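Undergrad: So the chains spell out like this:
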Amino acid sequence: MKKYLNSFKQIVGAQNMITDPFDLKPLNQDWQRFYQGKSELAVTPTSSKMVSEILQFCNQNNIKVVPQGGNTSFVGGATPVQDELILSLRKMNNILEFDTTTSIVTAESGVILQSMNDYLQTYRYQMPWDLGARGSCQLGGNIATNAGGLNVVRNGPLRNYILGLEVVLPNGKILDLLNKNRKDNTGTDLKQLFIGSEGTLGIITKANVLCAPIPEQRQVFFLELKGFDEAIQLLRSAKQFEQLGAFEFMEGRILQRCLPFNPQLKAPFEFKADKYYVLIEICGQQIELEYYFERLLKHTEQIVFNQNESELQAMWRWRESVPENLHKMGHVLTYDLSIPPDKFEWFAEEIYPERKGPYNAFYGHLGDGNIHYNIIFESVEEMHKEQERVEDKIIKLTKSLNGSISAEHGVGQLKRHYMEIQKGKETFGYMQELKRVFDPNNILNPEKLL
Amino acid sequence: MKVLVAVKRVVDSGIKVRVKPDGIDLQGVKMTINPFCEIAVEEAVRLKEKKLIAEIVAVTIGPKQGAESLRHALALGADKAIHVTTEARIDQAVQPLDVANILAKLVERDNYNLVLMGKQSIDDDFNQTGQMLAGLLDWPQATFASNIQITDGIAQVIREIDGGLQTVKFKLPGVITCDLRLNQPRFASVPNIMKAKSKPLETIPLDKLGKLHNSIQITKTEAPAIRKGGAIVENVDVLIQKLRNEAKLF
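Protein sequences appear in the order of chains A and B. Counting from 50, one number per residue, gives the positions in the first sequence under the working numbering. Counting from 24, one number per residue, gives the positions in the second sequence under the working numbering.
Treat the hints with care, as some may be off.
Said to hold, decoys possible - With a Cα cut of at most 20 angstroms, we get these calculated EDC-like pairs of lysine to aspartate or glutamate:
1) A/Lys113 with A/Asp132
2) A/Lys315 with B/Glu110
3) B/Lys87 with A/Glu337
Just so you know, the hints here were simulated from the structure itself, not pulled from any lab data. Being a predicted model, the structure only gives us computed values, none of them experimental.
Given only the sequences and the hints, what does the whole structure look like? Please build it.
TA: Pasting the structure below:
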């Protein structure tokens with residue numbers, strides 16, 4: 050990279066270059082600290098034109114590039130594998146406009162999700178997707194991974210809300226797909242290729258997002274159930290709720306272990322290892338509590354609900370702090386899978402019969418069939434030793450259920466070698482061909498996804 | 024032993040308030056039990072669970088919606104509720120001395136052994152009502168309670184004061200006002216909120232018990248000044264210059 054420093058200086062300016070190893074360290078590493086890159090240079094462009102010039106130069110000189118947003122990937126998708134150039138979108142953080150009639154916001158891809166919401170709040174709108182990393186993750190990264198999150202059961206996938214994109218292709222060409230029309234049936238929808246492409250086909254620099262109104266009221270119920278089948282019965286009822294905002298599931302064996310990590314946080318129940326917990330959020334105008342009381346009481350009497358905003362936040366905090374608390378319990382192998390919701394517990398028991406073996410637990414977006422299955426080890430050695438055996442079993446079992454080996458986290462580095470099993474040779478072949486169409490020199494996010 | 028717990032309905036502290044020239048905009052705003060009052064209810068319920076008291080009566084002063092806060096208190100474990108109704112603005116026109124007088128009337132009527140309440144409400148932060156009530160009843164008081172023990176009619180209370188913790192003891196009846204660290208209130212459960220509907224709720228128009236004198240007038244309500252950003256200075260000389268000329272510290 051050293052021989053190119055002067056060229057990059059011409060393109061972006063010294064103030065948009067990071068070469069100090071200390072400053073590069075957090076950019077070279079993912080937040081779970083699974084992956085360590087060796088990049089010696091990061092650039093922080095301030096415009097699409099600059100991104101275009103960077104990529105054009107890299108394409109001509111066969112310099113590999115890793116696009117980086119908030120660096121919140123669960124699968125090592127945003128950090129270098131070797132010494133690729135890191136292209137950080139962080140400075141492209143302008144929200145360009147909001148159309149109050151169509152509720153479409155136009156923004157650069159470096160805007161942090163929380164900042165989007167802070168801006169939209171004045172207009173009583175919000176981003177249609179939401180995830181725990183909202184304080185760090187960026188718009189571009191969310192789109193590049195078709196981020197899932199907590200609102201999918203209510204709003205549907207992120208794809209539904211992207212009306213247009215501006216993408217810089219590996220050859221430097223700026224592809225203007227910045228459509229603002231809600232309806233546009235004029236042939237192949239190219240922008241869909243880039244959504245979820247994990248930065249392997251182009252770098253997203255701008256987006257037109259259809260926003261969702263902020264619900265007038267939100268009400269959260271936290272339920273304690275005696276068996277997993279009860280959670281499925283509850284799901285069947287909840288799917289009939291027009292105002293269903295979220296349906297999240299946590300095994301008691303996780304929440305009970307989380308208690309010591311959240312000592313000041315008000316707990317909805319004295320979590321028990323042999324119980325099952327569900328968080329249901331209802332949102333809309335004029336929430337009629339009696340309607341929900343009647344229907345939820347048919348499933349269990351153990352239901353609490355928030356009387357004010359701070360109780361609402363506390364209930365959500367229990368759910369949202371699960372991933373970080375699991376990491377505090379040991380070394381975590383985590384699997385983000387889509388399988389039929391009623392098979393979650395069966396799945397866990399197939400992997401570890403009677404749940405014996407290393408501590409294993411699942412939680413997740415039961416409403417979408419998205420399970421986060423975690424296995425916790427006391428040492429890294431134990432983890433690596435068990436990983437090969439159990440991972441193979443997990444992938445095969447998921448495939449046998451026609452599930453997805455990555456529901457929402459993406460593929461990145463972590464699940465790359467399973468892609469052909471997941472997709473099948475034919476489909477995977479077409480994906481690789483498309484890659485060659487857009488990135489013949491394979492400069493963009495190499496060794497990721499494909 | 025019978026306990027009266029006074030609860031005030033306030034703007035939910037989790038939401039952003041809007042300031043109008045005549046006060047906080049209450050239009051369509053979510054309201055809930057004052058956090059310190061909720062702590063008082065929770066403490067009463069815990070004392071009842073320890074079998075130290077037999078009956079908890081929750082009381083609130085306010086308009087129709089005040090009944091929701093009473094139902095919340097009933098769902099947490101209060102046995103009965105009293106709704107003193109008034110259409111006056113609770114965050115402005117319902118003031119400590121008037122409230123204390125009304126509560127004193129109820130104490131005389133129903134013979135409570137203990138009155139529990141929050142140390143202050145988060146809308147006016149007066150921190151006066153409990154103290155005034157004790158004065159009117161000529162009862163002992165313990166304010167800013169972070170721990171309450173009751174044994175054989177004697178209350179022992181640990182108070183949070185500026186210098187640390189002070190322990191006081193008095194023979195009941197008395198008034199105790201509750202502070203943050205006393206307890207963490209439980210969540211209300213759905214079955215309990217439904218049972219709360221059938222618990223006795225007595226409605227009394229305010230003028231049957233007292234009067235609102237509005238002796239304190241609110242002359243202005245304004246939002247705090249927007250914080251200006253800080254600055255990183257290059258050296259100590261610049262720092263001193265800014266402290267002297269801009270912050271006007273010396």
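Undergrad: Now tell me if each hint is right for this structure.
TA: Do the hints match the structure? See the list:
no.	hint	verdict
1	A/Lys113 with A/Asp132	holds, 8 angstroms
2	A/Lys315 with B/Glu110	violated, 34 angstroms
3	B/Lys87 with A/Glu337	holds, 18 angstroms
Of the numbered hints listed earlier, the single one contradicted by the structure is hint 2.
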